[in-house]
Amino acid sequence: MSDTDTVEPVRSIRAPARLEYRFTAGAAQSRFLRHLVEGKILAQRCPQCGKVYVSPRGACAADGVATREEVEVADRGTVTTFCVVNVKFAQQVLTIPYVSATILLDGADIGLMHLIQEVEADQVHMGMRVEAVWSPPEERGPTLESIRYFRPTGEPDAAYESYREYV
Amino acid sequence: MAETCAVVGIGQTKYSATRGDVSIPGLLREAASRALEDAGCGWTDIDAVVIGKAPDMFEGVVMPELYLADALGAVGKPMMRVHTAGSVGGSTALVAASLVQAGIHRRVLTVAFEKQSESEAMWALSRPLPFAPPTLAGAGGYFAPLIRAYIRRSNAPDHVGIMVGVKDRENALRNPYAHLHIEDISFEMVAESAMLWDPIRYLETCPSSDGACAMVVADEAAGDRSPHPPAWIHGTAMRSEPTMFAGRDAVNPRAGRDCVADLYRQGGITDPRRQIDMAEIYVPFSWYEPMWMENLGFAADGEGWKMTDDGSTSFQGDLPINPSGGVLSSNPIGASGMIRFAEAALQVRGQAGEHQVDGARLALGHAYGGGSQFFAMWLVGAEKP
Amino acid sequence: MRDVAVVSFAQLPNVRSEDKRNEVEMLMPVISEAIEGSGIPRKEIGFTVSGSCDYLVGAPFSFVTGLDAVGAWPPIQESHVEMDGAWALYEAWVRLQHGDLDSALVYSFGKSSLGPLRDIMVLQLDPYCVAPLWPDSISVAALQARAWLESGHEESEMAEVAARSRRDAKANPMAQLSEERDPATLLEEPYLVSPLRRHDCPPLSDGAAAMILAAGDLAREVCERPAWISGLDHRIEAHGLGVRDLTTSPSTALAGRHAGGTDVEVAELHAPFTHQEPILREALELGPQVTVNPSGGALAANAMMVAGLTRIGEAARRIIDGSATRSLGHATSGPCLQQNLVCVMEAR
Amino acid sequence: MADTDVLVAPNILEYPYTRTVGPVLGRFMTGLRDGRIEGIRASDGRVLVPPAEYDPVTSESLDQFVEVGQAGVVTTWAWVTEPRPPHPLERPFAWALIRLDGADTALLHVVDAGDESKMATRMRVRVRWRDHRVGEIQDIACFVPEEGQ
Numbered sequence: 001m002s003d004t005d006t007v008e009p010v011r012s013i014r015a016p017a018r019l020e021y022r023f024t025a026g027a028a029q030s031r032f033l034r035h036l037v038e039g040k041i042l043a044q045r046c047p048q049c050g051k052v053y054v055s056p057r058g059a060c061a062a063d064g065v066a067t068r069e070e071v072e073v074a075d076r077g078t079v080t081t082f083c084v085v086n087v088k089f090a091q092q093v094l095t096i097p098y099v100s101a102t103i104l105l106d107g108a109d110i111g112l113m114h115l116i117q118e119v120e121a122d123q124v125h126m127g128m129r130v131e132a133v134w135s136p137p138e139e140r141g142p143t144l145e146s147i148r149y150f151r152p153t154g155e156p157d158a159a160y161e162s163y164r165e166y167v
Numbered sequence: 001m002a003e004t005c006a007v008v009g010i011g012q013t014k015y016s017a018t019r020g021d022v023s024i025p026g027l028l029r030e031a032a033s034r035a036l037e038d039a040g041c042g043w044t045d046i047d048a049v050v051i052g053k054a055p056d057m058f059e060g061v062v063m064p065e066l067y068l069a070d071a072l073g074a075v076g077k078p079m080m081r082v083h084t085a086g087s088v089g090g091s092t093a094l095v096a097a098s099l100v101q102a103g104i105h106r107r108v109l110t111v112a113f114e115k116q117s118e119s120e121a122m123w124a125l126s127r128p129l130p131f132a133p134p135t136l137a138g139a140g141g142y143f144a145p146l147i148r149a150y151i152r153r154s155n156a157p158d159h160v161g162i163m164v165g166v167k168d169r170e171n172a173l174r175n176p177y178a179h180l181h182i183e184d185i186s187f188e189m190v191a192e193s194a195m196l197w198d199p200i201r202y203l204e205t206c207p208s209s210d211g212a213c214a215m216v217v218a219d220e221a222a223g224d225r226s227p228h229p230p231a232w233i234h235g236t237a238m239r240s241e242p243t244m245f246a247g248r249d250a251v252n253p254r255a256g257r258d259c260v261a262d263l264y265r266q267g268g269i270t271d272p273r274r275q276i277d278m279a280e281i282y283v284p285f286s287w288y289e290p291m292w293m294e295n296l297g298f299a300a301d302g303e304g305w306k307m308t309d310d311g312s313t314s315f316q317g318d319l320p321i322n323p324s325g326g327v328l329s330s331n332p333i334g335a336s337g338m339i340r341f342a343e344a345a346l347q348v349r350g351q352a353g354e355h356q357v358d359g360a361r362l363a364l365g366h367a368y369g370g371g372s373q374f375f376a377m378w379l380v381g382a383e384k385p
Numbered sequence: 001m002r003d004v005a006v007v008s009f010a011q012l013p014n015v016r017s018e019d020k021r022n023e024v025e026m027l028m029p030v031i032s033e034a035i036e037g038s039g040i041p042r043k044e045i046g047f048t049v050s051g052s053c054d055y056l057v058g059a060p061f062s063f064v065t066g067l068d069a070v071g072a073w074p075p076i077q078e079s080h081v082e083m084d085g086a087w088a089l090y091e092a093w094v095r096l097q098h099g100d101l102d103s104a105l106v107y108s109f110g111k112s113s114l115g116p117l118r119d120i121m122v123l124q125l126d127p128y129c130v131a132p133l134w135p136d137s138i139s140v141a142a143l144q145a146r147a148w149l150e151s152g153h154e155e156s157e158m159a160e161v162a163a164r165s166r167r168d169a170k171a172n173p174m175a176q177l178s179e180e181r182d183p184a185t186l187l188e189e190p191y192l193v194s195p196l197r198r199h200d201c202p203p204l205s206d207g208a209a210a211m212i213l214a215a216g217d218l219a220r221e222v223c224e225r226p227a228w229i230s231g232l233d234h235r236i237e238a239h240g241l242g243v244r245d246l247t248t249s250p251s252t253a254l255a256g257r258h259a260g261g262t263d264v265e266v267a268e269l270h271a272p273f274t275h276q277e278p279i280l281r282e283a284l285e286l287g288p289q290v291t292v293n294p295s296g297g298a299l300a301a302n303a304m305m306v307a308g309l310t311r312i313g314e315a316a317r318r319i320i321d322g323s324a325t326r327s328l329g330h331a332t333s334g335p336c337l338q339q340n341l342v343c344v345m346e347a348r
Numbered sequence: 001m002a003d004t005d006v007l008v009a010p011n012i013l014e015y016p017y018t019r020t021v022g023p024v025l026g027r028f029m030t031g032l033r034d035g036r037i038e039g040i041r042a043s044d045g046r047v048l049v050p051p052a053e054y055d056p057v058t059s060e061s062l063d064q065f066v067e068v069g070q071a072g073v074v075t076t077w078a079w080v081t082e083p084r085p086p087h088p089l090e091r092p093f094a095w096a097l098i099r100l101d102g103a104d105t106a107l108l109h110v111v112d113a114g115d116e117s118k119m120a121t122r123m124r125v126r127v128r129w130r131d132h133r134v135g136e137i138q139d140i141a142c143f144v145p146e147e148g149q
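Keeping their order, the protein sequence lines are chains X, E, W and S. Taking our numbering, the leading residue of the first sequence gets 1, the next gets one more, and so forth. Taking our numbering, the leading residue of the second sequence gets 1, the next gets one more, and so forth. Taking our numbering, the leading residue of the third sequence gets 1, the next gets one more, and so forth. Taking our numbering, the leading residue of the fourth sequence gets 1, the next gets one more, and so forth.
Hint data in this document are derived by calculation from the structure and do not stem from the laboratory. Treat the hints loosely; a few may be bogus.
What the hints assert, rightly or not - Output of the computed footprint for chain E on chain W, the stretches with three or more beta carbons under 8 Å from beta carbons of chain E: (1) 53–62; (2) 78–87; (3) 92–100; (4) 113–125; (5) 237–243; (6) 331–341.
What the hints assert, rightly or not - Cβ-to-Cβ under 8 Å is the rule here; a few derived chain X residues that face chain S: (7) V10; (8) R11; (9) R14; (10) P16; (11) A17; (12) R18; (13) E20; (14) Y21; (15) R22; (16) F23; (17) T24; (18) A25; (19) G26; (20) A27; (21) R34.
Said to hold, decoys possible - Computed Cβ-Cβ distance ranges for the label pairs, DEER-style: (22) E:A132 - W:R198: 31 to 41 Å; (23) W:H258 - E:E303: 45 to 55 Å; (24) X:Q48 - E:P385: 35 to 45 Å; (25) X:L94 - W:E33: 36 to 46 Å; (26) W:E33 - S:A120: 48 to 58 Å; (27) W:R198 - S:S43: 38 to 48 Å; (28) W:K43 - S:Q138: 47 to 57 Å; (29) S:V8 - X:L94: 20 to 30 Å; (30) S:K118 - X:L94: 52 to 62 Å.
For glycine and all other residues, C-beta sits at the position ideal for the given N, C-alpha and C.
Let's have the full structure, built from the sequences with the hints guiding it.
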């Protein structure tokens with residue numbers, strides 16, 4: 001047993017770690033998520049700068065103040081910028097290529113990240129007008145997945161100047 | 001005002017996808033021992049240790065300073081651990097410098113590292129959280145839309161990103177520590193590599209590396225006596241802004257502009273393009289070179305890509321950017337920022353070997369992190385400020 | 001060194017589970033309270049630094065969203081340590097020594113309710129030879145407790161610490177556990193992990209705290225009785241439990257000597273387990289005349305990453321409110337008091 | 001909607017870490033796989049078990065290995081009545097710091113003593129090896145009280 005040269009030395013160990021946490025969405029986010037079940041997109045307006053946040057997080061990060069006033073925004077908007085995802089990685093649920101876009105919903109002052117479908121990836125472009133495709137009401141839950149994706153509305157593109165501040 | 005201080009020792013590991021020959025402490029020691037040797041000092045000459053790395057989840061070691069205290073000779077000394085996302089390597093160096101600038105310590109050892117091979121880095125960055133849409137696609141998925149917006153704003157031609165991908169890999173061939181040594185790198189090779197996160201191609205992205213970088217930061221007296229030329233610190237600055245707020249410009253963030261303005265004020269820089277000899281900039285995706293050229297005031301808005309296009313940022317250019325090969329050639333995330341800071345210092349010390357820029361006397365080290373919201377920078381020079 | 005003082009401190013009430021609020025929603029009111037308490041306009045604060053731990057939340061970069069509570073616009077000079085907020089305070093104090101900035105915001109947050117804290121803390125331990133066995137944090141503390149007991153102490157001393165802490169906590173509205181218990185009856189309870197009983201261990205807490213530091217004239221201007229930091233130091237020991245004498249705390253003693261921790265009237269010691277309080281007391285050479293943990297200490301409220309900063313905040317509060325002229329705040333990190341920080345404050 | 005309706009969801013953090021061990025820990029792990037416990041000699045002559053890669057006093061690299069005994073004394077211990085899921089044993093057991101014969105520092109491991117009354121500081125315990133060993137600290141299944149006590 002003392003002859004260490006006869007077998008390969010140990011070079012690595014396995015150290016799996018599994019920890020079970022809970023994730024809390026917080027008050028503002030929870031109200032937003034629950035409204036999705038009803039097909040509504042709830043935003044919050046900052047009392048200082050007046051900007052409309054969606055998804056709301058209960059605070060205006062620029063001012064560091066709580067946002068309490070709730071406003072509803074449209075479920076359609078403008079693609080301000082996007083990425084065509086063509087890379088495979090662990091825990092990915094979508095088939096590639098898919099388009100992940102920043103969408104400025106009408107009435108909001110900040111973009112929301114979501115998927116663009118019902119259009120070829122190479123046809124998606126900045127300024128494209130899109131609308132939400134909701135899951136059937138019985139399948140909706142308090143999650144952004146209640147919006148299955150966004151799809152082109154066919155409206156003319158928004159002018160670059162109308163959204164360039166929001167990418 | 002703050003005390004004068006200098007970098008008197010620098011050490012790096014060889015960067016690679018998996019440093020299977022060492023433990024985590026072994027990896028840090030490789031860099032730290034080289035830094036001490038360069039500084040001509042021993043473990044007992046060090047007053048305090050500051051370490052930095054990106055999320056603990058990469059290695060699954062919570063607050064690793066606790067376990068690493070022994071290996072870094074910190075027992076009985078003050079030891080701190082910094083975490084500011086991707087900018088952490090830079091911030092860590094700034095905290096170390098701050099301890100000397102405050103007049104509290106004479107010599108501080110600072111080390112930043114990542115041993116990403118212990119886990120799958122992409123997992124830690126892209127783990128889906130409850131209630132979110134399944135759009136998460138890693139760092140590339142976050143930055144690609146910003147790059148697209150930059151291209152739209154500046155009307156930059158597509159080949160600029162490819163040029164950076166080629167240039168930084170060519171530079172890496174002169175740096176023995178670099179992870180990627182692609183001997184036959186060419187424009188065609190980058191152009192034809194897979195489009196991963198359109199508009200980002202595979203060879204326009206950084207690798208995932210294991211590695212560590214260390215520095216010894218010392219006060220003026222120790223700098224004066226250091227066995228090798230010191231890099232004197234002419235300015236240090238950090239700025240942060242929130243990730244998401246209405247009207248935020250994430251393409252050309254104000255935090256970066258404010259940070260560099262503070263740095264230039266400290267260093268007496270009025271014409272950065274002319275006064276600064278080279279820079280090591282945090283460029284994890286090729287397009288970030290032209291983007292940061294504008295953010296850092298080296299080019300006017302919308303003109304950054306022209307510096308890449310006309311060769312100004314090449315090794316032979318008038319403002320060489322990332323002669324080490326940059327983040328595109330070596331990316332141990334938590335260390336990547338410190339490598340920028342250390343490489344800038346190496347250049348003004350005249351110790352960059354084959355990738356030494358002729359006549360580099362004043363250099364900028366830059367790091368950023370989060371959603372382009374955390375910035376850390378320093379300005380180092382061959383002469384005392 | 002430049003004169004720097006704690007001029008304002010705020011904390012959330014510690015609770016078992018802060019279910020209704022996420023980190024930003026928790027931090028906003030406490031940061032605002034600290035800033036308003038200082039009277040310094042938010043946008044004029046020179047430096048901001050926070051302390052937190054991703055593993056408590058179970059998500060990387062958890063401090064990033066914390067920044068949303070600050071109002072970091074226009075951009076601010078800001079940093080973060082993945083450590084207890086007490087080390088964020090240290091970084092801020094160092095930064096103020098440069099002389100170009102006069103004030104700093106320090107904050108920290110921690111929610112123990114989100115994950116299995118006893119197991120999370122295992123990942124602090126030697127990742128090769130110890131963590132793979134999963135010795136939970138209470139078991140590790142129990143090893144130290146027995147070593148301390150067998151160096152010449154009694155379990156009744158531990159029960160006395162527990163009873164006094166929870167009794168003192170009755171006067172602290174921010175505490176989570178407060179009760180009147182007879183030490184003798186505490187000893188009749190079963191062991192949790194012998195020799196530790198439940199009352200020897202800290203509660204699981206969610207909390208957040210924020211503090212404002214100011215230098216020189218600014219401190220005098222905004223605060224009637226600033227808690228001037230007369231000494232601040234921290235030290236670390238070897239990591240391995242089997243290489244240390246667990247019955248003493250040499251790093252606390254060293255930090256205490258460097259910080260000048262003598263002649264204090266009040267000491268807030270970050271001792272999450274009962275046996276650790278006398279170990280720290282001895283290391284800092286605190287005599288019987290020193291009031292220890294009048295807030296109830298970490299045995300009454302122990303929000304991770306917050307409890308250390310809170311000790312300094314509580315010690316500062318006693319200078320600011322005039323009930324003490326010299327006080328000491330202490331913070332610890334790592335298994336069995338591996339790393340320790342001492343902050344000595346005084347009225348002038 | 002009531003304010004109390006805050007959404008909560010499970011969030012499982014699970015990573016299969018692989019740790020490369022380097023030469024010093026690698027030799028220790030190799031020894032365990034082969035049923036042998038090796039420490040390392042520090043600059044002050046002490047034998048450290050488990051071995052440190054770097055000297056705790058001088059910080060210099062260490063490489064002088066010393067085989068130590070497979071039995072030793074308990075220097076402190078804690079009794080677990082209700083084992084937690086990740087714990088090495090499913091029945092009540094002791095965590096212990098154990099100084100092996102020939103070593104100057106103590107190793108953290110578990111003692112399968114059956115009952116708390118069988119545990120005492122300074123008691124002697126002996127390694128019980130796992131049947132199938134792969135080169136990791138769990139190759140020591142546990143320690144057991146040495147016979148004849």
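Okay, the hints, checked on the actual structure:
Under a criterion of three residues with beta carbons nearer than 8 Å to beta carbons of chain E, the stated coverage of the stretch 53–62 of chain W is upheld, 6 such residues being counted. Under a criterion of three residues with beta carbons nearer than 8 Å to beta carbons of chain E, the stated coverage of the stretch 78–87 of chain W is upheld, 7 such residues being counted. Counting residues of the stretch 92–100 of chain W whose CB falls under 8 Å from any CB of chain E gives 6; the rule of at least 3 is met. Note: the stretch 113–125 of chain W has 5 residues with beta-carbon separation from chain E under 8 Å; the three-residue rule is met and the coverage holds.
Proximity of the stretch 237–243 of chain W to chain E, defined as three or more residues with a beta carbon under 8 Å from a beta carbon of that chain, is established by the 4 residues found. Given as covered by chain E, the stretch 331–341 of chain W passes the check, having 5 residues with a CB less than 8 Å from a CB of that chain where 3 are the minimum. Because the closest C-beta pair between V10 of chain X and chain S is about 3 Å apart, less than 8 Å, the hint holds. For the restraint placing R11 of chain X at the interface with chain S, the shortest Cβ-Cβ distance is roughly 6 Å, inside the 8 Å limit, so the hint holds.
This hint holds: R14 of chain X has a C-beta 6 Å from the nearest C-beta of chain S, less than the 8 Å allowed. Given hint, P16 of chain X at the interface with chain S, holds; its Cβ is 5 Å from that chain's nearest Cβ, closer than 8 Å. Of the supplied interface hints, the one on A17 of chain X holds, with its beta-carbon coming within about 6 Å of a beta-carbon of chain S, less than 8 Å. A least Cβ separation of about 4 Å between R18 of chain X and chain S falls short of the 8 Å threshold, and the interface hint therefore holds.
Below 8 Å, beta-carbon pairs count as interface contacts, and E20 of chain X has one with chain S at about 6 Å; its hint therefore holds. Taking 8 Å as the C-beta cut-off, the interface hint given for Y21 of chain X holds, the closest approach to chain S being about 4 Å. A hinted interface residue such as R22 of chain X counts as satisfied when its beta carbon comes closer than 8 Å to some beta carbon of chain S; here the least separation is about 5 Å, so the hint holds. The beta carbon of F23 of chain X is positioned within 8 Å of a beta carbon in chain S (closest approach about 4 Å), and the interface hint is therefore held.
Taking 8 Å as the C-beta contact cut-off toward chain S, the hint placing T24 of chain X at the interface holds, the least distance being around 5 Å. A least Cβ separation of about 4 Å between A25 of chain X and chain S falls short of the 8 Å threshold, and the interface hint therefore holds. Taking 8 Å as the C-beta contact cut-off toward chain S, the hint placing G26 of chain X at the interface holds, the least distance being around 7 Å. Against a cut-off of 8 Å between C-beta atoms, the interface hint on A27 of chain X holds, since the closest Cβ of chain S lies about 6 Å away.
At a threshold of 8 Å, the smallest CB-CB gap from R34 of chain X to chain S is about 6 Å, leaving the interface hint in force. A hinted range of 31 to 41 Å for the beta carbons of A132 of chain E and R198 of chain W is consistent with their spacing of about 38 Å. At about 53 Å, the beta-carbon gap between H258 of chain W and E303 of chain E stays in the expected band of 45 to 55 Å. Checked against the hint of 35 to 45 Å, the pair Q48 of chain X and P385 of chain E passes, with Cβ atoms roughly 40 Å apart.
Between L94 of chain X and E33 of chain W the CB atoms are about 44 Å apart, so this pair conforms to the stated range of 36 to 46 Å. Taken as a hint, the range 48 to 58 Å holds for the pair E33 of chain W and A120 of chain S, whose Cβ atoms sit roughly 52 Å apart. Distance hint for R198 of chain W and S43 of chain S: a CB-CB separation of about 43 Å, consistent with the stated range 38 to 48 Å. Remark: the range hint 47 to 57 Å for K43 of chain W to Q138 of chain S is upheld by a beta-carbon distance near 55 Å.
The hinted window of 20 to 30 Å between V8 of chain S and L94 of chain X holds, with their beta carbons roughly 26 Å apart. About 57 Å separates the C-beta atoms of K118 of chain S and L94 of chain X, a value consistent with the hinted range of 52 to 62 Å.
Going down the numbered hints, you'll see the structure goes against none, and every one checks out.
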